[in-house]
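With full-length UniProt numbering, letter number 50 in the sequence shown gets 50, and the count goes up by one each step, no holes.
I should point out that these hints are in silico values taken from the structure, not numbers from a laboratory. A virtual CB, placed ideally from N, CA and C, is assigned to each residue, including glycine. The reader is advised that the hints may include incorrect statements.
If you anchor each label on the Cβ, the simulated ranges turn out as follows [unchecked claim]:
(1) Leu50 / Lys96: 33 to 43 Å
(2) Pro6 / Val95: 31 to 41 Å
(3) Lys96 / Tyr33: 30 to 40 Å
(4) Ala36 / Pro15: 16 to 26 Å
(5) Leu50 / Val95: 31 to 41 Å
(6) Tyr83 / Gly12: 16 to 26 Å
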Amino acid sequence: ETYKLPFGHHGGNHPVRNLATGVVEITSQNHNYCVAEGSLPTAELTHVNLNDQTVEGIRCRDVPAFSVQYHPEAGPGPHDSRYLFDDFEALMASVKGPASDAIAGGVA
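Whenever a hint applies, use it, and build me the whole structure from the sequences.
Next comes the structure, spelled out in structure tokens:
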């Protein structure tokens with residue numbers, strides 16, 4: 001479930017707390033809608049916007065997937081969230097199998 005924010009998140013200075021580490025990341029954002037906390041029973045909350053306590057990141061419990069609702073690439077902008085690309089690469093390596101080998105090699 002999603003809902004429209006009273007004031008959208010726009011700009012390169014939004015503080016977001018990573019709930020796993022407690023670290024506050026300065027993020028670049030551009031969205032007007034948010035995921036309703038608790039609306040995804042198979043996902044855990046991973047990141048929260050410190051300005052309004054809205055959901056900024058989730059990780060699925062039942063499948064290997066995660067998401068954030070800001071721009072971790074931050075080009076230009078803050079680079080506090082670059083670790084997410086390492087996390088994504090590790091996740092892909094952990095689920096790699098024969099099908100992914102065939103796709104990577106150009107064989108369907």
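So, going through the hints one by one against the coordinates:
Remark: the range hint 33 to 43 Å for Leu50 to Lys96 is upheld by a beta-carbon distance near 36 Å. In this structure the supplied range 31 to 41 Å holds for Pro6 paired with Val95, their Cβ-Cβ distance being about 38 Å. Between Lys96 and Tyr33 the beta carbon distance is about 33 Å. The supplied range of 30 to 40 Å therefore holds. Roughly 21 Å separates the CB atoms of Ala36 and Pro15, a value that falls within the hinted 16 to 26 Å.
Evaluation of the 31 to 41 Å hint for Leu50 and Val95 yields a pass: the beta carbon distance comes to about 32 Å. Taken as a hint, the range 16 to 26 Å holds for the pair Tyr83 and Gly12, whose Cβ atoms sit roughly 18 Å apart.
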